[in-house]
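Chain A is fixed; fit chains L and W onto it per the hints.
Heads up: the protein sequence lines correspond to chains A, L and W, in order. Mind the numbering: the first sequence is residues 136 to 312 in our numbering, read in order. Mind the numbering: the second sequence is residues 433 to 672 in our numbering, read in order. Mind the numbering: the third sequence is residues 18 to 570 in our numbering, read in order.
It is worth saying that the hints were derived from the structure and are not from the lab. Remember, predicted model here, so these are calculated numbers, not experimental data. Any given hint could turn out to be false.
[To be verified] Which residues of chain L face chain W? A few of them, derived with a C-beta cut under 10 Å, are: (1) L489; (2) R521; (3) I526; (4) L570.
From the three backbone atoms N, C-alpha and C, an ideal C-beta is built for every residue, glycine too.
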Amino acid sequence: MSKARIATVWLDGCSGCHMSLLDMDEKIITLASLIEMVYSPTVDMKQYPQNVDVCLIEGAASSDEDIHKLKIIRLNTKCLVALGDCAITGNVPSMRNMYKVEEILNRAYVENAVLQQQIPRIGVPVLQTRCRPIHEIVKVDVFVPGCPPPSETIYNCVADLLAGKTPDIGATTRFGK
Amino acid sequence: MNSTLASQIVTLKIDGKDCGARGDETILSVARENGIDIPTLCHYDGLTDIGACRICLVEVKGSPKLFAACSTLVTEGMEVSTNSPRLQRYRKTILELLFSERNHVCAVCVSNGHCELQAMAMKLGLTHVRLPYRYPNLKVDATHTRYVQDDNRCILCQRCVRVCAEIEGAHVWDIMGRGIEARAITDLNEPWGASTSCTSCGKCVHVCPTAAIFEKGKSAGEMVKRSFVSELAAKREVYE
Amino acid sequence: MTAEELNELIEQEVEANKLFVHSINVCVAAGCLSSHADQTLDALKKEVKAKGLDKEIKVKGVGCMGLCAAGPLVEIRDASNAAQVMYQGVQGEHAEQVVASAGKQSVQSLVCDTSIPFFAKQVKIVLENCGLIDPERIEEYIVAEGYRALQKCLQELAPTKVVEEVTKSGLRGRGGAGFPTGLKWATVAKAQNKQKYVICNADEGDPGAFMDRSVLESDPHRVLEGMAIAAYATGANRGYIYCRAEYPLAVKRLKNAIKQAERVGILGQGIMGTTFNFTVEVRLGAGAFVCGEETALIHSIEGKRGTPRPRPPFPAQSGLWGCPTLINNVETFANIPPILRKGGAWFASIGTEKSKGTKVFALAGRVSNTGLVEVPMGMKLREIVFSLGGGIPDGKKFKAVQTGGPSGGCIPEQFLDMEVDYDSIAKVGSIMGSGGMIIMDETSCMVDVAKFFMEFCKSESCGKCVPCRVGTSQMYDILCKVTDGTATPEEIAMLEELCDLLKSTSLCGLGMTAPNPVLTTMKYFRNEYDAHIQGKKCPAGVCKIKAAQEVLV
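Bound conformation, chain A alone:
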């Protein structure tokens, strides 16, 4: 049997979901035997590949780059998993949504900066007016809430998906877990 092609993506989030993914102790060995990691912050791959079976997405869609990425991911992925509260609800990154983008940038890079008070404009993605859950941009197949979702939940979810089963997410996690 050929190994399932798995990708993980890190958008506007704290990388905690990826930490949780890596935090599954010996189970990661079992998982590794089942999958081929084709794209991930942990894999040196610049371009999102084609024919990905499962893609776990951490983080909310905040910038034009995030949205661009999501569209490419959706086109090349069979099963798209929103991993963690940021991807599902916007969570902490979305707490900026009550304010204007300029206000936030100003606050972070000018008012609260000690050195080089300037808003970075070159070579960085442009922030959208709002940070949004990824399912507002593309269709999402599985939602795994949690901040971060427990590694056990992530393992079970991936294992179930690979086995062709519908994962029972609610049993082991919740918003804010």
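Only chains L and W this time, still in chain A's reference frame:
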């Protein structure tokens, strides 16, 4: 309490189970006595029911309308259905509306893990909200010496309003504004800390289902609610 | 006041009127007042005085004559109260001509043709005195058979008989839902409670509706009489009229009417020499649409926040301050005196099988004759819009009629030949409502119409229950996206889901019916939704579709 109704004994069916009850009991209380769980949010044992959250809606055979279990009295021969697919669907969507209304960020909330809204999402299997979040810019009132009011987490269940008026007898809390602009306020929308009517009893803090009202000094997940209010109300009922 | 005193009063009034050869009636209801009818009235009075005719010609302000579009309206009547001529658009400068024409050649340039269907096809029960009597004088109401029904009830009919008569009439609540009035009265009458209340719901709030306002401004005593009869029939002794504060003239005339009725002993203690007591107070609404909902209205009268509560218990069982309360709409009460005077059977002979009597409609929007009409139930919609309403102005094409305000729906052309009654209107997804009819032509975008009403519901939602509070807001946002041209098919599916949710789960009628404008426009004008979503175009040219580069993502 209506004495004529209280003296009547009625029999009814809830989810097919035969139940006996007093005529002045609500569908909710009879269901719970019989081990049938109907989810609720604005209901709080010991406080007057207002039927606001619509989570406890049930079907009654013979009526096209849905009834709030918390505020509908049982009647003879009633056949109640509490968990049909239709009701489950409605409950979930209502919950989605609640999450979309304000800024519920569980991860950094003092009530994380002890929140009724969060628990309800889990219970009803809500893993994401299909509606766009509204992200309103709301105030946090930390003027009180011991408590904080955070509008971002309020679901307008009015438990604080009721407990303060009915149990504490102070009526510090009320609702102002209409529709989506409705807000829970203290006194005449003055800072809580400036309230002359507040006795700082903390009942509102402990009946709040989320962390719209919480104790100062609590960090994420540390705000645990105590349930002394229902007991207090029950004791008073005995003496009345 | 005893029966003899009542007759005496009538005789005096008739005697006083005999002195006049003509009367000039000037409509001083809100519609004509807004086109300066008060100045017309002053000018006419001055002119009569200047010409020394004040012993022959009586100039008086009267209530609504109906054709608000042609205001200010003035009517000249002779000594036998037969109409000589009606004038339209009468301003102060016309006073001389108008006064000179009394009993002589009419001023052709001002004549308002009363043979047109707008006037000829009406059947007036509720509005029978409107435009004829001075609403600020109880004597005129009494001469026009006023308070005769109350007298008859008190002297000849037992309360149960009164309820029976109302039941027999088949009258249904004119506030919108069409609940059988007799049944409601019987429930309150049966309730075992010493204290009961009668409430008149005068919180007319639908956009484009002004029926109740007109009745209150033109014939306030009729409503008081209806309430007094209801109180007698149900065993109540206190009444409240909950009137919106945006109707200052109605409030003023009501308060004046109450004072007059108390003065002559028609309200108060020991009415007409019997043991029946009844007092009425006016309570003002503070501008909340939801206070038209009966339980919210009751809370408001009690001095609480005007929010509805779950029913049952219904107000008839437990209403104002926990007492059995009869709550009816202005027009319902206005129907009561003629029913008691002429009998329930007479009333039941008018209208259709399940909807008896007449209904007052306020025609507004894209129709030639905007104004008030009273027609028998069962009249064809086409007749109301095209015959009475005079059709669509400027040669435009008819598109839809919106009935029932924000709780109603849009009825398209294919149903124009439908008979207008409670059940037929409900069948096509709208409601009779209080009687507002907003006529729309091809220049209206139906999505924009749905958005307008949703915005109304969103801002008028009380915020108590979740589906209505958040649902209307979310639905409004989706409708905005449709009119922007940025909505997706998924969002339309969500809109439909929310319609179903609000209908089924809202706490009160406001939320339950808020989806109606959306549902009916989606059903009958789906092509317009599609044009916005897929075609990125507004067929009526109303909506501003966002250019692609403005759209997020």
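Going down the list of hints, with the structure as the test:
no. : hint : verdict
1   : L489 : 6 Å, holds
2   : R521 : 9 Å, holds
3   : I526 : 5 Å, holds
4   : L570 : 14 Å, violated
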